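Chemist: Residues per chain, in single letters:
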Amino acid sequence: MTIRVTINGKPHALASDPGTPLLYVLRNELRLNGAKYGCGMGQCGACTVIVDGKPAFSCLTPLAALEGRAVRTVEGLGNVEKPGRLQAAFIKHQAAQCGYCIAGMIMRAQSLLDRIPYPTDAQILAHLEPNLCRCGTHHRILAAVRDAANGGAP
Amino acid sequence: MTIRSTLRLAGALLAAGAVLLLALYAWLRPAPLALTSAPAPTPSDAVIAAGARVVALGDCMVCHTAGQGPAYAGGFPLRTPFGTIYSTNITPDPETGIGRWSLHAFRRAMREGVSRDGHLLYPAFPYIHYTRMSDRDIDLAYQYLMTRTPVKQAPPANELMFPLNFRPLLAFWNMLYLEPGTAALPASQSTPRERGRYLVNTLGHCASCHSGLNPIGGERRPPFKGGQIDGWDAPDLTALAANAWSHANLVDYLRGGLSPAHGAAKGPMRPVTERLAEVPREDVEAIATYLLSIQAAPSVKPATAPAPTIAPGQALFAAACAACHTEAAPMMRLAGRPSLARSSAVRGDSPANFIQTVLHGIPWQAGSPVYMPPFADTLNDEQVAQLAAYVRINIAAKEDWRGVAATSAKLRKENQP
Numbered sequence: 001m002t003i004r005v006t007i008n009g010k011p012h013a014l015a016s017d018p019g020t021p022l023l024y025v026l027r028n029e030l031r032l033n034g035a036k037y038g039c040g041m042g043q044c045g046a047c048t049v050i051v052d053g054k055p056a057f058s059c060l061t062p063l064a065a066l067e068g069r070a071v072r073t074v075e076g077l078g079n080v081e082k083p084g085r086l087q088a089a090f091i092k093h094q095a096a097q098c099g100y101c102i103a104g105m106i107m108r109a110q111s112l113l114d115r116i117p118y119p120t121d122a123q124i125l126a127h128l129e130p131n132l133c134r135c136g137t138h139h140r141i142l143a144a145v146r147d148a149a150n151g152g153a154p
Numbered sequence: 001m002t003i004r005s006t007l008r009l010a011g012a013l014l015a016a017g018a019v020l021l022l023a024l025y026a027w028l029r030p031a032p033l034a035l036t037s038a039p040a041p042t043p044s045d046a047v048i049a050a051g052a053r054v055v056a057l058g059d060c061m062v063c064h065t066a067g068q069g070p071a072y073a074g075g076f077p078l079r080t081p082f083g084t085i086y087s088t089n090i091t092p093d094p095e096t097g098i099g100r101w102s103l104h105a106f107r108r109a110m111r112e113g114v115s116r117d118g119h120l121l122y123p124a125f126p127y128i129h130y131t132r133m134s135d136r137d138i139d140l141a142y143q144y145l146m147t148r149t150p151v152k153q154a155p156p157a158n159e160l161m162f163p164l165n166f167r168p169l170l171a172f173w174n175m176l177y178l179e180p181g182t183a184a185l186p187a188s189q190s191t192p193r194e195r196g197r198y199l200v201n202t203l204g205h206c207a208s209c210h211s212g213l214n215p216i217g218g219e220r221r222p223p224f225k226g227g228q229i230d231g232w233d234a235p236d237l238t239a240l241a242a243n244a245w246s247h248a249n250l251v252d253y254l255r256g257g258l259s260p261a262h263g264a265a266k267g268p269m270r271p272v273t274e275r276l277a278e279v280p281r282e283d284v285e286a287i288a289t290y291l292l293s294i295q296a297a298p299s300v301k302p303a304t305a306p307a308p309t310i311a312p313g314q315a316l317f318a319a320a321c322a323a324c325h326t327e328a329a330p331m332m333r334l335a336g337r338p339s340l341a342r343s344s345a346v347r348g349d350s351p352a353n354f355i356q357t358v359l360h361g362i363p364w365q366a367g368s369p370v371y372m373p374p375f376a377d378t379l380n381d382e383q384v385a386q387l388a389a390y391v392r393i394n395i396a397a398k399e400d401w402r403g404v405a406a407t408s409a410k411l412r413k414e415n416q417p
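First to last, the protein sequences are chains A and B. First residue of the first sequence: 1, per my numbering; consecutive thereafter. First residue of the second sequence: 1, per my numbering; consecutive thereafter.
Everything labelled a hint here was simulated from the structure, so no lab data went into it. Since we're looking at a predicted model, the values are computed, not measured. Glycine included, each C-beta is placed from N, C-alpha and C at the ideal position. Among the clues, some could well be false.
Stated by the list, open to error - Label pairs and their computed distance ranges (CB to CB):
#	chain 1	residue 1	chain 2	residue 2	range
1	A	C98	B	G217	53 to 61 Å
2	A	M1	B	W364	31 to 39 Å
3	B	A322	A	H139	34 to 42 Å
4	B	R281	A	G99	42 to 50 Å
Pulled out of the complex, with its shape left as it was, chain A reads as follows (with noise of 0.2 Å):
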């Protein structure tokens, strides 16, 4: 049984046991290695993604219940070469200390831009609010965000 899922705008049929969550998927199978596993139980955020234009913790997205679903992860953005409007704002900020939360971080971040380009700092903390940093970096966090939505870094 294959299950078919776009990830990053191409089409795959997938053959991985339907209960696989969709970060063991895009780690192991796709080597997407952008999303991290951080608790496992949907209180990091650390393996945030989109599905269907929406945050999803996918650390606890069944494979199940994907088919002709689309997802994005953090590089569908952009990568070193050429980083997406809100990666490079990141970039700019020096928003990542460990770095192990960013990429969580900058999906979630992404969803809100992609439904409110233009957003005011309540939502962009009440958006954010899942996703935790250890290091404390929340202020170059929110600096980045504010900057791609104002126009993105150079």
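Chain B: place on chain A using the hints.
Modeler: Relative to the frame of chain A, chain B by itself:
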């Protein structure tokens, strides 16, 4: 008699009836009470502490505070089958709150459901229960509320269907459901059971949610047989023993919002447990004692455990739920989470609480160990139904619920947390 003249006569009779009812109401209408001008003397710390206990046990804050808004300033939407009623501001603000209400006016509101200016309050305010509060407790609640921080905030206008937005009609509802005064007050609160009876029936007004409402909004009799509130099931409180609730289980659940044997308080019950965490333990023990004294004889149902199946929900469970909800998961072994086989939300007769919890999770809140992420954006209604079937049949060994996908679709639209 022609049809036309018959209609004319019927119309005239109806009009006369309406005029008579209005005249009766005008005659019975409560008088406005004078505003006070002098600020009340500040009560002692002991009186304020005793008032805090009454107000916590009466759950005033649960309805009179809107979300993260200022305490007791009202504006909380109570969604009823008849429309939405917004709770009032009960801070001592002189203009938008009760700052210029006399104790007499406050007592009348609690006992008769009449506002200071004489208009009738909607029975979403549980005056049919508060009416049997002791004078002492009403006075303590008044002293406590009058020393809260005043907040200037008027609630939004109610959104009720015609003709229920016409308050005088409540006079007739009150004839059916309000027995004013202290007549039914228990003679003594000297035993835990009597204290518990007062806390459950009068102050805590548990029946408001746990009895269910009839088509005109009256509580069903006999009480506590279960009801619905905001898309959640309020369980039958006379079937606690049948569902293996012990006294200790109830005290844990009511005080801490979590019983390791039965699950976490969710939905509208969660703020109730937050208030009960603030009162002396003996009050919660009394509530548990009384509740266990009103249990119905367990009905003997043949146990028809269906044969487990390899259901499509198994894969969904493995990925979405197993990290926390299997026996071997650290969350279970270390944090005292209940097995889903014993969870009240899984064992309930209706799937409402299961679906609500899966869709919306249990929001994280400072000071509480209880949290579950929401799955509304992960699982569609058909998948929620598959998951429900797997959990009911393979984990709880019970019959599957009916109509889970349809209920999920309905609850998804309503009651966003």
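Chemist: Now tell me, hint by hint, if it's right for this structure.
Modeler: Structure-based check of each hint:
1. A:C98 - B:G217: 53 to 61 Å: Given about 57 Å between the Cβ atoms, the range holds.
2. A:M1 - B:W364: 31 to 39 Å: At 36 Å between Cβs, range holds.
3. B:A322 - A:H139: 34 to 42 Å: holds, 37 Å
4. B:R281 - A:G99: 42 to 50 Å: Between R281 (chain B) and G99 (chain A), where Cβ atoms are some 47 Å apart, the hint holds.
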